[in-house]
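Protein chains in written order, with the UniProt record's numbering: chain A, 1 to 417; chain B, 1 to 329.
What the hints contain is simulated information worked out from the structure, not anything from laboratory work. Accuracy of the hints is not assured; some may be wrong.
Stated by the list, open to error - A short list of chain A residues far from chain B (calculated; beta carbon distances all over 10 Å):
#	residue
1	H19
2	S37
3	D39
4	N150
5	L185
6	G196
7	D200
8	Q240
9	T329
10	K336
11	E350
Said to hold, decoys possible - Listed below are several chain B residues computed to face chain A (Cβ distance under 7 Å; list not exhaustive):
#	residue
12	N304
13	E308
14	A314
15	E319
16	S323
The beta-carbon is built from N, C-alpha and C at its ideal position, and this holds for glycine as well.
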Amino acid sequence: MDTKQLTPKMHGVEEKGPHRIDNDELYRRSTQYRYWSFDEEKIEDLRIKVNKRGQEIFNNRILKLDDEIIKKFLNNEKNFKNITVNEERLIIIYYARKCKDLSNFFKFKTQVRLTAISYLFKFYLIHSIMEYYPQQIMYTCLYLSAKSENNFIGINNFSKAIPKTTPESILKFEYLILDSMRFSLMCHHSIKPLYGFYLDIQNVLIKLDFNRLYKDYLLCRDLINESIFNDIQFLFTPPQIALASLYIIDDVVCMRYLMRKFGVKRKQMIIKMNQLKNNEKEDIKIKKDIIIKEEIKDSTNDIDNDDNIDDDDGGSSNDEKSKKEKKQTPIERYEKMIEIIKACAIKMKENINPTVEEAKIISLKAHFCLDPVKYFKKISRDVTPINVNTDNTDNNSVKRENTDDDINDDIKRIKVE
Amino acid sequence: MVELDWNNVPKDLCPVCKTDKYLSPEIQFKINPECYHKICDACVDRIFALGPSPCPYPNCDKILRRNKFKAQVFDDLNVEKECDIRRRVLSVYNKKEGDFQTGEMYDKYLEEIEDIVYKLLNRLDIEETEERLRQYSIENKQSIELNNARKEQEYEKFIKLQKLERLYKSERNRLNSEVIEEDKKLKSLSKIEVIDQLQNAASDKDPEIILESIRNSMMDKAKKYREQLQKLEEKYLRQKEAINKNLNPNDIKNKNKSKIPFTPFNGDRMIDLPFKFDPKNYKDPFNSKIVDDIQYKASGYKLNEFYERSLNDAFYGLECFISDEKMSI
């Protein structure tokens, strides 16, 4: 399916001169676009599908058990609720955050960390936590991303630093993860584009105060580092995410830059705004604010900027060429861009940070799904009824079972040693 | 006298006249492709002076002719034999790769040649193979002649090319050596000249101006030689190209080859970048420290490349609207 698009059109090309590939087309050929870009519904579908498959696997596991245990299980089943899609997502995010801590412990570069987390999310779009527990997968993802991002660490050193792991326990998932990701190891993160925009803004908005830009840039970086825990990496392209972060931090700079870049003239913009005023009153309120903000900024920061806008620099003249091809006016392109960035910004602000308690509850369920027998043996020894969600007595068993999850404690222990 | 073993003649001995290389170092051995028996030059002259005669080796009744004798090229007679057979077969089977429509057909043709050579060499079905060879040469008489003519032409051109190259190289060497000589002369001359001029005109001319004028004249001469060299090279290339063009005007395959070189993107990247690359004016508090750090420089790290990559990444998929484009799935 994908390869068809890639075949060269040799005969046509021969006459018209070499075929030129622009950046967007190039991105459409990347695995990130081909395999790992979805719209929102598709992601939701994938998650539901994965969850269903996880349930099936769990049910099959139960059926294979002895009769006695099944009876016991059936008794307790009323208390046990299935793991929901949302719970799955929460536990993955929980471990993604753990992954961040672990990566910081190893002093890996930002790229490695982001890639590892990205791998983890991608893996759980294919598999359920009822199949593979995220903790081990997370270790392997980190190890793998250190390799693929050119920051290699030996497996022995790696597993030595993490308690209760052996080189084998980490390596055994490696192929599985690679296979699930369809061997698409390249991750385009939005950190690089952000830096690119940071450079380009210096060139385009000459009058902008540098300190302001630098401060914005640092804030944007934090925002992007945080946003890896969202789904936006699947929903938007890296430059869009970078711009969205800039939009959240400093919308004036972002919009001004884009206007220049797309060659939108301010007068046109105002005319357009006026048109909109007549048509829809609700929309205007939002956009008006922006205009006001811009005008304030104009009067304060760059008064004689209007001249600059009229004689555009090289960047926008290039855009004008491609504009002709696409037959889109600059305003249309600009507005489309802003629309996307806004949508991305909204998604970006969605901050999910599951607490340890939430994670413990879910992880207990997951452990039960993965290994019912072990779980039942514990139950029968304790002779306490399982009531996962509420009971205090049960929390003890939860803790006992989950001590190995708490990497933070372990890391602290290592540091002390 | 020890009886000679005819089946195992010593390397440096003529079995007919028993002359040894040790005693007469100028001795030369010749063989005849009929039987590949080794006889010395003098014996060949003596025995075959009056026309065809039988081979002097016992049990070899082949009638040999003097004009078929030739010097032995390879030590190993088997190799010698194979070369002769090959030459004979190839003079008949003389098509070129360009004459075939597909590579497979050409491969088959080559296979056939090898087959024949092998059979002739190892004396398998000799009659049949000879018959086949004869048949082929009769059937393809015209094309064989044509190909032979072509081969000759090519050979001629090859010789021409070689001549041209030799000429060019000698000319170039001559010029180069002249340049070097001139340089040497100039240096010594200029020294004297400088001293002279400085002596004569010390009072009314600025010595620096004099020095500069001399330097200029030296430079001019050097420039002339360089220009000459360049012209020579251009001329050579032009001639070479002219000969080459004549060489294969009817080569079918070259014409069909696509002129577009391979590109990894199945097309070329945009020439106009979506940004203005201006590395001098970028400010970054962190990177400006790195620029002067030897550790980064040593490994070939270049900040400009990093800038360029970041900027490229910034526009890598800027206007891919995933939600719109992937909706249909």
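Checked hints:
1. The beta carbon of H19 of chain A sits about 4 Å from the closest Cβ of chain B, which is not more than 10 Å, so the claim that it is off the interface is violated.
2. Here S37 of chain A does not stay apart from chain B, with its beta-carbon only about 5 Å from theirs, under the 10 Å limit.
3. Under the 10 Å C-beta cut-off, the non-interface status given to D39 of chain A relative to chain B is violated; the minimum distance is some 4 Å.
4. With a closest Cβ-Cβ approach of about 13 Å to chain B, N150 of chain A is found to remain outside the 10 Å limit, as its non-interface label requires.
5. With a minimum CB-CB distance of about 17 Å to chain B, L185 of chain A clears the 10 Å threshold, and the non-interface call stands.
6. Not every beta carbon of chain B lies more than 10 Å from that of G196 of chain A, the smallest distance being close to 3 Å; the non-interface claim is violated.
7. Not every C-beta of chain B lies more than 10 Å from that of D200 of chain A, the closest at about 5 Å, which undercuts listing it as non-interface.
8. Look at Q240 of chain A: its CB is around 7 Å from the nearest CB on chain B, not clear of 10 Å, so calling it non-interface is violated.
9. For T329 of chain A, the requirement that its beta carbon stay farther than 10 Å from each beta carbon of chain B is met, with the minimum near 14 Å.
10. Interface exclusion of K336 of chain A from chain B breaks down, the closest Cβ pair being 7 Å apart, not more than 10 Å.
11. Residue placement check: E350 of chain A keeps its beta carbon more than 10 Å from all beta carbons of chain B (closest about 16 Å).
12. Against a cut-off of 7 Å between C-beta atoms, the interface hint on N304 of chain B is violated, since the closest Cβ of chain A lies about 11 Å away.
13. Evaluation of the E308 of chain B hint against chain A yields a violated restraint, the C-beta minimum of about 9 Å exceeding 7 Å.
14. Nearest Cβ of chain A to the Cβ of A314 of chain B: about 3 Å, under the 7 Å cut. The hint holds.
15. For E319 of chain B, the interface hint holds, since its Cβ comes within 7 Å of a Cβ in chain A; the closest pair sits about 5 Å apart.
16. With a cut of 7 Å, the hint placing S323 of chain B at the interface with chain A holds, because the nearest CB-to-CB distance is about 4 Å.
When each numbered hint is compared with the structure, violations occur for hints 1, 2, 3, 6, 7, 8, 10, 12, 13.
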